Amino acid sequence: MQSSSRVSSSAASRRGSRRSVAANWLDRQAPYVFVLPAVLLILGFSIFPLVTSAYLSLMRFALGEGGYELKFVGMRNYVRLFSGSQQFHFVGVFRPPGVISIAVMAAAALAIGWWLVRYLRGGQRSVIGGIGRLIAAASLLAVVWLAANTTGDGGALGSLMVTLFYVVFGVALQFLLGLGLAYLCTLPLKGGRFFRILFFLPLMVTPVGIAYMFRMMADTAVGPLAPLWAWLGLGQIAWAADPWLARIVVVIGDTWQWVPFMFLVLLAALEGTSRDQIEAAQLDGASSWRIFRDVIWPSIAPVAASAVLIRLIEAFKVVDLPNVLTNGGPGIATESMTLHAFIEWRTLNLGSASAVAYMLFFVSTIACVSFFQLVVRRARGRQS
Amino acid sequence: MIKRLFVPTRLDEIPIGTRVIAYGLLGLWTLVVLFPLYWMAITSFKLPIDVANGPAYVPFVDFKPSLDAWHYIFVDLGPDTYRPYMNSLVIATLSTVAAVFLGSMAAYALARIEYKPPVAAVGLAVLMLALVVAAVGWGGVDLRIAVAVCGALFFLLLRPIVRRARRHLANDDIIFWMISQRILPPVVTVIPIYLTFKSAGLLDTRTALIITYATANLPIVVWLMFDFFASVPKEIEESAQIDGATRFAILFGIVVPLVAPGIVATGLLVLILSWNEYLFALFLSTANAQTLPLLVAAQNATRGPQWWNMSVLILIMILPVMLLTLTLQRFIVKGILVGAVKG
Chain H
1 MQSSSRVSSS
11 AASRRGSRRS
21 VAANWLDRQA
31 PYVFVLPAVL
41 LILGFSIFPL
51 VTSAYLSLMR
61 FALGEGGYEL
71 KFVGMRNYVR
81 LFSGSQQFHF
91 VGVFRPPGVI
101 SIAVMAAAAL
111 AIGWWLVRYL
121 RGGQRSVIGG
131 IGRLIAAASL
141 LAVVWLAANT
151 TGDGGALGSL
161 MVTLFYVVFG
171 VALQFLLGLG
181 LAYLCTLPLK
191 GGRFFRILFF
201 LPLMVTPVGI
211 AYMFRMMADT
221 AVGPLAPLWA
231 WLGLGQIAWA
241 ADPWLARIVV
251 VIGDTWQWVP
261 FMFLVLLAAL
271 EGTSRDQIEA
281 AQLDGASSWR
291 IFRDVIWPSI
301 APVAASAVLI
311 RLIEAFKVVD
321 LPNVLTNGGP
331 GIATESMTLH
341 AFIEWRTLNL
351 GSASAVAYML
361 FFVSTIACVS
371 FFQLVVRRAR
381 GRQS
Chain L
1001 MIKRLFVPTR
1011 LDEIPIGTRV
1021 IAYGLLGLWT
1031 LVVLFPLYWM
1041 AITSFKLPID
1051 VANGPAYVPF
1061 VDFKPSLDAW
1071 HYIFVDLGPD
1081 TYRPYMNSLV
1091 IATLSTVAAV
1101 FLGSMAAYAL
1111 ARIEYKPPVA
1121 AVGLAVLMLA
1131 LVVAAVGWGG
1141 VDLRIAVAVC
1151 GALFFLLLRP
1161 IVRRARRHLA
1171 NDDIIFWMIS
1181 QRILPPVVTV
1191 IPIYLTFKSA
1201 GLLDTRTALI
1211 ITYATANLPI
1221 VVWLMFDFFA
1231 SVPKEIEESA
1241 QIDGATRFAI
1251 LFGIVVPLVA
1261 PGIVATGLLV
1271 LILSWNEYLF
1281 ALFLSTANAQ
1291 TLPLLVAAQN
1301 ATRGPQWWNM
1311 SVLILIMILP
1321 VMLLTLTLQR
1331 FIVKGILVGA
1341 VKG
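These protein sequence lines map, in sequence, to chains H and L.
Just so it is clear: in the first sequence, position 314 is 314 by the numbering used here, and no numbers are missing.
So the numbering used here is basically just the index in the second sequence, starting at one, shifted up by 1000.
Derived from the structure by calculation, the hints contain no laboratory data.
Computed from a predicted structure; not experimentally measured.
Among the hints, erroneous ones may be present.
[As the list claims (entries may be wrong)] Here are the simulated DSSO-like pairs of lysine-lysine, each with C-alpha atoms no more than 30 Å apart in a straight line:
(1) 1198/L <-> 1334/L
(2) 71/H <-> 1198/L
(3) 190/H <-> 1334/L
(4) 1116/L <-> 1234/L
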């Protein structure tokens, strides 16, 4: 530092600047001073851990005398997740294939194959596009295969499929509800502002709080809806002991929190729709549904696709809701992958925890990149 | 900020039936939003017996409100409540200040200065990172030594490599690199971060969480602030530059006041995200640096059925955020929309 300022002092005097020497030196370094702290922080606490995690996922962690030791085990942590002792936890318990699961698989394979063939015959194919689609198609097929073989009697979902369930159904539900509410709020009704402020509120509430709140709400014995359950004859039902009911309660809590995001973004998009086009369509006597399909939807599609992408990215990280709402139970039925990794970590299986975390990283990256390339790009392209 | 663009102008253009259905649906969702909050609020004034006897909906009618639970949380548990509260306040505030300060500087620079990091230099940095990991992991070298050696090597090799570099990255690439950090699930990075802080003796301290939160939120700040800075006309700065103002004086004296609303929007969003954060806190803190979400989750295990006490705890955790949201909603909504609509 000192030597550099001495060097720059001559430069400063040559320029005849009135500024102090140090300030002058600092000013010339400004491009670095501005950006380097952020870049270094991200390198140190994001990229470096990412690389280290990859390394840890190939290790076995053992507490030894006066500390711990790591032993290289290659891909064994990953293999364990797919076919070893952790198979039930990660991919789930398989049931013997039945007629339905085979039929579902065949239908999915045909649909995905047709989609790939159509792309290859189309005019805009490229090597990278083809490889990307192949990865997306293979992943989708694997998910369908898992869904067909681990749900139903005798099967059980692992954390991978539970996470995907939260993501797919949660995001779809949030999108539909958000779109509906946003559409209602564009109607010229009194009190529109009130609804806007109110509907936004849950987005900012601490997820851990939401989880506990819904734990109270869902209590069938002394919760607020108890009379309703009793009236329906469901008073004795223990949702916390039923895998699917417990998962649905988690999705409901998640939806309560995230509908506001979709609502907000889609409302802004709806209000950006050109009014002239709608009025022209109205004059032509088009029905509300046709106006929505042919005028409004194309205009909001780019924003809608971006909103879903952002939500997808965040949805894969879900952990607080299942952990507090159901403690991951019954058994492991509501465990998301993040929670799975945390549980592995708590039992000091650092390697296994890192492997689960890395699988989450792969899955969410494949899903988000595929969604971006195949849906968001197309939605944006249609607008321009 | 929100303009009604395509709605019919007069209320009576909407048929009465549609209006009734619309109000019905909006009212229903209002109930969905408010009822859980209301239920928690009244539960915090209930006695154990009021909860056990089945649902009681209206205070003073169905049950007699009592401050027992509040007394228990604030007086009997006293320090056990205040410490996490202070931790959350300090961690959320300081990490937000750090993230907004560092992120805004980076965003401003990326909006105004052209960077051309050579691809080779980036490759060198990645190589050095891998070298550090390999040296610590397989070679058993001390982390600090490895970082120092590789850092020195990096700066030694940087010049010759940069001089020969042909291919460069652009500002867009840097921004994309930063924002792509959001795709990383935090659980991928948290175990090495845990080990790093452990070896630095910073486990279970506020410092560790402040650094982690600031880093986690940097991409959001850069992403949002870039837009706000880009919308400021360059001419204002150019005249100041001719007058001899330094870049720092221009940024903090001229540009920052112009984008103040953007900074408030970004800051609020990041503040709330830090306040609500759970996963990093779960790994990095146990007792001393315990934050509020962690306290609530931990109490959940031991006090699961004690609804009255849990309600008080959760209320004091979410009330500040809800007040901020209701009073400064304009700003927060702006932050969210800028981030989402840009895509």
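Hint check:
1. Only pairs whose Cα atoms come within 30 Å are accepted, and residue 1198/L paired with residue 1334/L is rejected, the gap being roughly 39 Å.
2. With a CA separation close to 20 Å, the supplied pair residue 71/H and residue 1198/L stays within the 30 Å bound.
3. Straight-line distance between C-alpha atoms of residue 190/H and residue 1334/L comes to about 23 Å, which keeps the hinted pair within the 30 Å bound.
4. Among the hinted pairs, residue 1116/L with residue 1234/L is consistent with the structure: their alpha-carbon atoms are about 21 Å apart, no more than 30 Å.
Consistency with the previously given hints fails for number 1 only.
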